[in-house]
Amino acid sequence: MCLGIPGQIIAITDPARQMAMADVSGVRRAVNVAPVLSGAMEDLIGKWALIHVGFAMALIDEDEAEATLQALRDLGEAQEALEAMAQGQKALEVEA
Amino acid sequence: MKYADEFRDPTAAKALLARIADLTDEIGATSEKPVHIMEICGGHTHAIFRYGLDKLTPDGVEFIHGPGCPVCVLPMARVDECVQIAARPEVIFTTFGDAMRVPGTKTSLLQAKAAGADIRMVYSPLDALELARRNPEREVVFFGLGFETTTPSTALSIQQAAREELTNFSVFCNHITVPPPIKALLDDPHMLLDGFVGPGHVSMVIGTHPYDFIAQDYGKPIVVAGFEPLDLLQSVLMVLQQIRDGRAEVENQYARVVPEHGNPVSIAAIADVYETRPSFEWRGLGEIDHSGLRIRAKYSPFDAEEKFGIGYAAGERSVQEPEGCACGAVMTGRLKPTGCPQFGKGCTPEMPLGALMVSSEGACAAYYQYGGARAVEPAE
Amino acid sequence: MAAHGLSNRLNKTPAEEEERHIMALRDEHVTLAHGGGGKAMRDLIDEVFTSVFQPESREDQARLMDDALFEPGARLAFTTDSFVVDPVEFPGGDIGKIAVCGTVNDLAVGGATPLWLSAAFIIEEGTEIALLRRIVASMQAEAERAGVKIVTGDTKVVGRGSADRVFITTSGVGVIPPGCDLRADAVQPGDVAIVNGVLGDHGATILAARGDMALSTDIQSDCAGLGHLMAAVAKACPTLRCARDATRGGLASALNEIAEDAQVAIEIEEARLPLRAEVKGMCELLGLDPLYLANEGTLVLFVAEQDAEAALAAMKSLPEGAGATIIGNARASGPGPRVTMRTLFGGARIVDMLVGEQLPRIC
Numbered sequence: 838m839c840l841g842i843p844g845q846i847i848a849i850t851d852p853a854r855q856m857a858m859a860d861v862s863g864v865r866r867a868v869n870v871a872p873v874l875s876g877a878m879e880d881l882i883g884k885w886a887l888i889h890v891g892f893a894m895a896l897i898d899e900d901e902a903e904a905t906l907q908a909l910r911d912l913g914e915a916q917e918a919l920e921a922m923a924q925g926q927k928a929l930e931v932e933a
Numbered sequence: 002m003k004y005a006d007e008f009r010d011p012t013a014a015k016a017l018l019a020r021i022a023d024l025t026d027e028i029g030a031t032s033e034k035p036v037h038i039m040e041i042c043g044g045h046t047h048a049i050f051r052y053g054l055d056k057l058t059p060d061g062v063e064f065i066h067g068p069g070c071p072v073c074v075l076p077m078a079r080v081d082e083c084v085q086i087a088a089r090p091e092v093i094f095t096t097f098g099d100a101m102r103v104p105g106t107k108t109s110l111l112q113a114k115a116a117g118a119d120i121r122m123v124y125s126p127l128d129a130l131e132l133a134r135r136n137p138e139r140e141v142v143f144f145g146l147g148f149e150t151t152t153p154s155t156a157l158s159i160q161q162a163a164r165e166e167l168t169n170f171s172v173f174c175n176h177i178t179v180p181p182p183i184k185a186l187l188d189d190p191h192m193l194l195d196g197f198v199g200p201g202h203v204s205m206v207i208g209t210h211p212y213d214f215i216a217q218d219y220g221k222p223i224v225v226a227g228f229e230p231l232d233l234l235q236s237v238l239m240v241l242q243q244i245r246d247g248r249a250e251v252e253n254q255y256a257r258v259v260p261e262h263g264n265p266v267s268i269a270a271i272a273d274v275y276e277t278r279p280s281f282e283w284r285g286l287g288e289i290d291h292s293g294l295r296i297r298a299k300y301s302p303f304d305a306e307e308k309f310g311i312g313y314a315a316g317e318r319s320v321q322e323p324e325g326c327a328c329g330a331v332m333t334g335r336l337k338p339t340g341c342p343q344f345g346k347g348c349t350p351e352m353p354l355g356a357l358m359v360s361s362e363g364a365c366a367a368y369y370q371y372g373g374a375r376a377v378e379p380a381e
Numbered sequence: 286m287a288a289h290g291l292s293n294r295l296n297k298t299p300a301e302e303e304e305r306h307i308m309a310l311r312d313e314h315v316t317l318a319h320g321g322g323g324k325a326m327r328d329l330i331d332e333v334f335t336s337v338f339q340p341e342s343r344e345d346q347a348r349l350m351d352d353a354l355f356e357p358g359a360r361l362a363f364t365t366d367s368f369v370v371d372p373v374e375f376p377g378g379d380i381g382k383i384a385v386c387g388t389v390n391d392l393a394v395g396g397a398t399p400l401w402l403s404a405a406f407i408i409e410e411g412t413e414i415a416l417l418r419r420i421v422a423s424m425q426a427e428a429e430r431a432g433v434k435i436v437t438g439d440t441k442v443v444g445r446g447s448a449d450r451v452f453i454t455t456s457g458v459g460v461i462p463p464g465c466d467l468r469a470d471a472v473q474p475g476d477v478a479i480v481n482g483v484l485g486d487h488g489a490t491i492l493a494a495r496g497d498m499a500l501s502t503d504i505q506s507d508c509a510g511l512g513h514l515m516a517a518v519a520k521a522c523p524t525l526r527c528a529r530d531a532t533r534g535g536l537a538s539a540l541n542e543i544a545e546d547a548q549v550a551i552e553i554e555e556a557r558l559p560l561r562a563e564v565k566g567m568c569e570l571l572g573l574d575p576l577y578l579a580n581e582g583t584l585v586l587f588v589a590e591q592d593a594e595a596a597l598a599a600m601k602s603l604p605e606g607a608g609a610t611i612i613g614n615a616r617a618s619g620p621g622p623r624v625t626m627r628t629l630f631g632g633a634r635i636v637d638m639l640v641g642e643q644l645p646r647i648c
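Those sequence lines, one after another, are chains A, B and C. Quick note: the first sequence uses the numbering used here, first residue 838, plus one each step. Quick note: the second sequence uses the numbering used here, first residue 2, plus one each step. Quick note: the third sequence uses the numbering used here, first residue 286, plus one each step.
With the rest of the complex left out, here is chain A (with noise of 0.2 angstroms):
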C-alpha cells in the first residue's frame, strides 16, 4: 500500500494550481505541494518531501533522520563491543 518516495522540490511550475517541480533521483515530475505548504511558495524550493501519486504529501524532517540513522549507528557500536567482549570472553576461556 502507498508507494512513496523521497523527493526535492526543484522549482515552483504553476504557483495558481500549487504545482512544483519534484526530482526524484534524475527523474522530474510537476507534483502538488498542498499538502506541504505552509509559507510561500517559494520557500520550498530545495525542501525533500515523500512524494505519492503526484503530491508532496509530507516534508521529511532531516533531524529526525539523522536522529534515526545516529540510533542505529550506536546499535551496531553497542552491538560489535558486546560481539569484542564475547570474542574476548572465548579467547580467555580457550586460554585457560
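Hints may be right or wrong, so weigh each one.
Said to hold, decoys possible - Some chain B residues flagged as far from chain C (calculated, every beta-carbon gap over 10 angstroms):
(1) Glu27
(2) Arg134
(3) Thr151
(4) Pro181
(5) Asp188
(6) Pro190
(7) Phe214
(8) Asp218
(9) Pro230
(10) Arg245
(11) Gly247
(12) Thr339
(13) Gln343
(14) Lys346
(15) Ser361
To be verified - Under the rule of at most 30 angstroms between Cα atoms (straight-line distance), these lysine-lysine pairs were calculated in the DSBU-like manner:
(16) B:Lys114 to C:Lys441
(17) B:Lys3 to A:Lys884
(18) B:Lys114 to B:Lys308
(19) A:Lys927 to B:Lys15
(20) B:Lys3 to B:Lys15
(21) B:Lys346 to B:Lys34
(22) B:Lys337 to B:Lys184
(23) C:Lys434 to C:Lys520
(24) B:Lys34 to B:Lys15
In short, the hints are calculated from the structure, not lab data. Every residue, glycine too, gets a C-beta built ideally from N, C-alpha and C.
We have chain A; now place chains B and C onto it with these hints.
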C-alpha cells in the same frame, strides 16, 4: 537516493538482526511458539519479500501479512462497476496500474480495455484532471482507491476540479480506512497477533493517535514504520522490546515523515470532500462498519456513483468468494499462504482466485513472486 | 496489394535519379496511393528507401555471396523480428535503429557474424515522409556501424488507424564460423554471468517518452548493435557458452530462459547490478522492478570462470562494453527455483518470469 539508501545499508542491519535474535530468545519465542507480528501495510509485505527480511529474522518471529493492500481487498462487484462505467462510449476511465489486472466476476479492466473500453493508466489523479481539461467532450472518471495515504490526492483533485468548475470529471470512490479492519481483526476470536508494524504512509496523513485503541483497548504494541529495510527491522525490534517489557504503546519509528498529528491540509481535504459509509465490503474479510468513504453531497457533481447511478447499495452487493479460497484465514493469521490448498495450484498470479494473489502487494502474490512459496537456499 | 522488392528502381544514372527525385515525391505525407503499386509507390521506394540503402541487386530478391560461407563447418544463421515502438522516435534512437540493432543482436548473440538484413515496412496512411526519411537514415547509419547491408525489403501502406505510423520487420542472415556453437544448454554450474552495461535504460526511456506518466529524465535508450562486442568476446574466450540480449522482459526473462534450457540454477547479486540513478528513481516512483525493464543494447553472457577476466577485458575494450560487469553465476540445479537474487541485504529472493506486462503501481 537521499533518505532511502542510508536506510538500506546492509552493515547496519547486522546489529539490528543480532538484537532481534537476542530479544526473540529472551522472550522465549521459537519456531514452534513464535511471536506473531502483523505488518498491516502491503508495502511492508512487499519490502519484507523484496529484501528477503523473512529469511533474515529468526524463526521465532513470524510475520502475518495484513489487509493493507487496497487492490487485494477490492470487492469483485466494484470491479464489475468499473467495467460498467468504462464501457460507456463517452467515458475515459482512468486508473492506477494496480487495478488493471484485478478480476471482477467476469472481466478485469485490462480485459475490458482489450474489448474496446477507453481505459487509461495514470500516475496521479492530477493526470486524470488534465485529461478532463483537454477532452471537454468526454467524461473522465478516475478510479479512486487506496487508504488514507491516497485519499487526500483525490480529495484535493476534486476540490481543484470544483474550483475550475469542470463538469466532465468525476471520481469513482472506493477509498477505505485502516483502523476499522484492524479493530475487526482484533475482535476476531481466532486472532493470534502479538503486535503490529503500523503503516507509515497512512500515518503521515492521519498521525499516530488513530492507533491508540490498539494499545489502550487491546493491549497490543504497535510501531509505525518506514518502508526501507532498516526501518522495518528497527520497528520489529521496537515491537519485541515492548513485548519483553510488557508494554503496549503506539511508537513512531518513522518520525522523519510521520508527525504525531498527521498532515492538517490532507486531513481537512478528506473531511471536506468525504464522509464515512455505514459499512463497506472488503474482499476476504466481508462487510466492515465505517470502513469506507463516499463523496459528500456538496461534491456530488464529481461523484461517479451519482453521475452514473451506481450507488454502493444499488447493486447486488456481496459476491461469493470462489470456492476453496482461504484469503480470510490467511489475513487473520490463521493460515500461511502456503497452507492454502489452492496456493500455486488453482490460484496463481496469472489466474488469481483470491484477493491476496491479485496484487504484487498481496501476501500470497508476494510469497509466490519472491520465493516464500518455494524453497530458496539460505544465504551463505 | 502485390509484394514488391526495394530493388525495382529504374536503370538510371545517379544524376538522372537525382533529377527524377526532385520531380517525383512532392507529398509530405504517405497516402494510400503510395501503396497502390503504381508510380507513386515507385517514387516513394526509390526516393526514401533504395536511394539510401543502395541495394546491389535490382531484382525482386537479393543475391548474396560471402567468402565466410565457404569455410568448411561454417553455418548460416537466420532470424526475424518485428518492431513496434511507441513513440517511434525517442531519446537515443528510433524504430529504425532498433529494427537494425535488434536483428543484428539476435544474430550476434548466437555467435554469427551479421551480414545481410531485409526490412519490411507497414506504413500508416498519413505518416510524414520526413519521419520515414529519418528512420531510414538511422537504419542505414546503424547498418554501416554494424557492418551489415540492407539488401531487400518491402513496403505496404495501410489505412489510417490500421497501424501506428510505422511497423518494421527485419530479417537477418549471418555466418557462424566453424567451431562456434553458442547455446544456452552449454551453460554449466560454476560459469559466470556477465552483462555489458547498465540495465533498463531503454524501458525507462520509453516509459518517460510516452508521456502518460508525465515524467521527464535525461536517460537515453541503450539501443546499440552488439556484433563487434560478441566477436571480441568470442575471440578472447574459448569457453564462451552462450549470450542473450535482454530485450522484452528484461534481464530476468533472459536469465530464466537460459536457466531452463541449461537445467541450472542462476544466482545474481543485487549489489552488482549496474543501474543508473534515474532508472532506479523511475522504478521507485512507479513501483517497477528494473530486472524486467526492456533493454535494446544489453546482453548477458556466460563463460567459464577462468575466462571471466578475459571476457570482461574484451568487452571493456569497446564502448558498448565499457560498463561490463559480472553479475552472478550458474549453480547446480536443485529442487528450488531457477533464478534467485542475493539482495543488498543478504536475503534471497526469486527472480521469476514476468506475469504479463509490468504495470506501474501506486500501492
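Each hint, compared with the structure:
1. Glu27: 24 angstroms, holds
2. Arg134: Non-interface label on B:Arg134 holds, nearest chain C Cβ at 13 angstroms vs cutoff 10 angstroms.
3. Thr151: For B:Thr151, whose nearest Cβ neighbour in chain C is about 7 angstroms away, the distance does not exceed 10 angstroms, so it is violated.
4. Pro181: Holds, since 18 angstroms exceeds 10 angstroms.
5. Asp188: 25 angstroms, holds
6. Pro190: Check passes; 30 angstroms lies beyond 10 angstroms.
7. Phe214: 24 angstroms, holds
8. Asp218: Correct as stated: the minimum Cβ-Cβ distance to chain C is 28 angstroms, above 10 angstroms.
9. Pro230: 5 angstroms, violated
10. Arg245: Since the minimum Cβ distance to chain C is about 25 angstroms, B:Arg245 lies beyond 10 angstroms and the statement holds.
11. Gly247: 31 angstroms, holds
12. Thr339: 14 angstroms, holds
13. Gln343: Non-interface label on B:Gln343 holds, nearest chain C Cβ at 17 angstroms vs cutoff 10 angstroms.
14. Lys346: 16 angstroms, holds
15. Ser361: 7 angstroms, violated
16. B:Lys114 to C:Lys441: With Cα atoms ~28 angstroms apart, B:Lys114 and C:Lys441 stay inside 30 angstroms; holds.
17. B:Lys3 to A:Lys884: 12 angstroms, holds
18. B:Lys114 to B:Lys308: At roughly 21 angstroms apart (the allowed maximum being 30 angstroms), B:Lys308 and B:Lys114 satisfy the hint.
19. A:Lys927 to B:Lys15: This hinted pair holds, its Cα atoms lying about 21 angstroms apart.
20. B:Lys3 to B:Lys15: Answer holds: B:Lys3 to B:Lys15 is near 21 angstroms, not above 30 angstroms.
21. B:Lys346 to B:Lys34: 29 angstroms, holds
22. B:Lys337 to B:Lys184: 21 angstroms, holds
23. C:Lys434 to C:Lys520: 23 angstroms, holds
24. B:Lys34 to B:Lys15: The hint holds at about 24 angstroms.
Hint check: violations occur at hints 3, 9 and 15; the rest are consistent with the structure.
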